[in-house]
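A.B. asks: Chains as they are written, first to last, in our numbering: chain H, 1 to 152; chain Z, 1 to 115.
If you're looking for bench data, these hints aren't it; they were derived computationally from the structure.
Each residue gets a CB set at the ideal place from its N, CA and C atoms; glycine is no exception.
A hint or two may mislead.
Beta-carbon label-pair distances, calculated as ranges [to be verified]:
1) Gly116/H <-> Thr8/Z: 29 to 35 Å
2) Gly134/H <-> Gly13/Z: 54 to 60 Å
3) Glu42/Z <-> Pro19/H: 40 to 46 Å
4) Val98/H <-> Glu42/Z: 38 to 44 Å
5) Ser96/H <-> Arg10/Z: 31 to 37 Å
Cut-off 30 Å, straight-line C-alpha distance, at most; resulting in silico cross-link-like pairs (BS3-like, lysine-lysine) [what the hints assert, rightly or not]:
6) Lys12/H <-> Lys70/H
7) Lys74/H <-> Lys86/Z
8) Lys31/Z <-> Lys11/Z
9) Lys86/Z <-> Lys12/H
10) Lys11/Z <-> Lys53/Z
11) Lys53/Z <-> Lys71/Z
12) Lys11/Z <-> Lys86/Z
13) Lys46/Z <-> Lys31/Z
14) Lys70/H <-> Lys46/Z
Heads up, incomplete: computed chain Z residues facing chain H, CB under 8 Å, no partners named [claimed, not checked]:
15) Val7
16) Thr8
17) Val9
18) Tyr15
19) Glu67
20) Lys86
21) Gln102
22) Ile103
Each chain, letter by letter, is given below.
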Amino acid sequence: MINKPGTAEFPKEINLTIPIIPDMEVAATQTAEAVARFMEFDSDQTDEVKHALIEACINAFEHSNSEEGKVYIKFVMRPEDLLVVIQDHGGGFDVSEVPQPDIHAKVAGTDTYKRGWGLMLIESLMDSVEILSGPQGTTLTMSKLRQRGGSQ
Amino acid sequence: MINQFAVTVRKEGDYAVLYTDGYVNNLGGEKIGEAAMALIGEGVKKLVINMEKSTVINSIGISILIEVIEKIQEIEGSLVFCGLTKTIAKTFTIMGLAQFAQIADDEASAVALLG
Numbered sequence: 001m002i003n004k005p006g007t008a009e010f011p012k013e014i015n016l017t018i019p020i021i022p023d024m025e026v027a028a029t030q031t032a033e034a035v036a037r038f039m040e041f042d043s044d045q046t047d048e049v050k051h052a053l054i055e056a057c058i059n060a061f062e063h064s065n066s067e068e069g070k071v072y073i074k075f076v077m078r079p080e081d082l083l084v085v086i087q088d089h090g091g092g093f094d095v096s097e098v099p100q101p102d103i104h105a106k107v108a109g110t111d112t113y114k115r116g117w118g119l120m121l122i123e124s125l126m127d128s129v130e131i132l133s134g135p136q137g138t139t140l141t142m143s144k145l146r147q148r149g150g151s152q
Numbered sequence: 001m002i003n004q005f006a007v008t009v010r011k012e013g014d015y016a017v018l019y020t021d022g023y024v025n026n027l028g029g030e031k032i033g034e035a036a037m038a039l040i041g042e043g044v045k046k047l048v049i050n051m052e053k054s055t056v057i058n059s060i061g062i063s064i065l066i067e068v069i070e071k072i073q074e075i076e077g078s079l080v081f082c083g084l085t086k087t088i089a090k091t092f093t094i095m096g097l098a099q100f101a102q103i104a105d106d107e108a109s110a111v112a113l114l115g
């Protein structure tokens with residue numbers, strides 16, 4: 001029998017390794033959906049986790065420069081929240097140097113680079129986000145609280 | 001993994017509706033961008049993008065939608081999104097897209113907002 005949230009058997013973990021191949025982030029969202037369903041998240045919470053995971057995977061795909069070409073994802077189901085850890089063994093980056101995107105500049109055309117929204121979206125869609133990055137790679141840890149009655 | 005993305009267009013009067021179907025990633029965004037730019041090239045200044053059949057989107061796809069918004073602003077046209085999931089609507093709001101393009105629940109409301 002599968003233990004439901006709130007039982008003594010928590011936390012439970014699922015580990016997933018995906019290759020850096022276009023659209024493979026969608027495969028990760030299928031696992032996220034199953035995990036969120038088990039956690040009894042509502043459809044909006046589930047959707048937010050999926051979209052944050054997509055952005056985290058895309059960031060790793062595009063910016064890690066990982067020679068092994070893999071992204072490691074861990075789902076940790078805890079009584080109070082779902083923790084999702086996205087890790088790559090790439091070159092890392094300086095989080096403090098990531099510019100804050102400005103929609104006005106992008107729409108006006110003064111900023112011709114229309115992208116750069118990933119981290120902002122992850123931080124807005126999840127309840128907490130922590131990034132550790134260095135020459136050995138990047139680990140992004142994000143969580144979604146098990147709130148009853150819908151997301152904020 | 002093959003992304004089965006499609007855009008279909010319905011033109012009516014002085015406006016057009018683009019119907020998206022599938023994951024709006026870089027390829028999906030490009031298809032929407034191409035269809036929108038073609039319509040603008042034909043002189044259409046009022047667009048509705050109906051995303052009822054696109055429940056997943058990423059920021060690369062959205063960045064191409066920003067290019068469409070930029071073009072619509074340039075020609076002083078109007079753009080309304082409809083059929084968005086709650087999360088996609090929230091994403092557009094977080095990014096600030098809602099300041100430049102309106103969001104409607106359904107297509108009829110979107111067409112009414114075109115002005």
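A.B. asks: Now tell me if each hint is right for this structure.
C.D. replies: Now the hints, each set against the structure:
1. Gly116/H <-> Thr8/Z: 29 to 35 Å: 31 Å, holds
2. Gly134/H <-> Gly13/Z: 54 to 60 Å: Since Gly134/H and Gly13/Z have Cβ atoms about 58 Å apart, the given range 54 to 60 Å holds.
3. Glu42/Z <-> Pro19/H: 40 to 46 Å: Given a distance of about 42 Å, which is inside 40 to 46 Å, the answer is holds.
4. Val98/H <-> Glu42/Z: 38 to 44 Å: At 39 Å between Cβs, range holds.
5. Ser96/H <-> Arg10/Z: 31 to 37 Å: 47 Å, violated
6. Lys12/H <-> Lys70/H: Given that 30 Å is the threshold and the Cα spacing comes to 23 Å, the pair holds.
7. Lys74/H <-> Lys86/Z: Measuring from Cα to Cα gives roughly 26 Å; hence the hint holds.
8. Lys31/Z <-> Lys11/Z: The given pair, whose Cα atoms are some 17 Å apart, holds under the 30 Å limit.
9. Lys86/Z <-> Lys12/H: Given pair Lys86/Z, Lys12/H holds - Cα atoms ~29 Å apart, limit 30 Å.
10. Lys11/Z <-> Lys53/Z: The given pair, whose Cα atoms are some 19 Å apart, holds under the 30 Å limit.
11. Lys53/Z <-> Lys71/Z: Judged against 30 Å, a Cα distance of about 24 Å means the pair holds.
12. Lys11/Z <-> Lys86/Z: 27 Å, holds
13. Lys46/Z <-> Lys31/Z: 18 Å, holds
14. Lys70/H <-> Lys46/Z: This hinted pair is violated, its Cα atoms lying about 43 Å apart.
15. Val7: Cβ of Val7/Z sits 18 Å from chain H, so the hint is violated.
16. Thr8: Because about 22 Å separates Thr8/Z from the closest Cβ in chain H, which is outside the 8 Å limit, the hint is violated.
17. Val9: Hint violated; Val9/Z Cβ to chain H Cβ min 23 Å, cut 8 Å.
18. Tyr15: 21 Å, violated
19. Glu67: 6 Å, holds
20. Lys86: 5 Å, holds
21. Gln102: 14 Å, violated
22. Ile103: With Cβ-Cβ at 14 Å, over 8 Å, it is violated.
Violated hints for the displayed structure, listed by number in ascending order: 5, 14, 15, 16, 17, 18, 21, 22.
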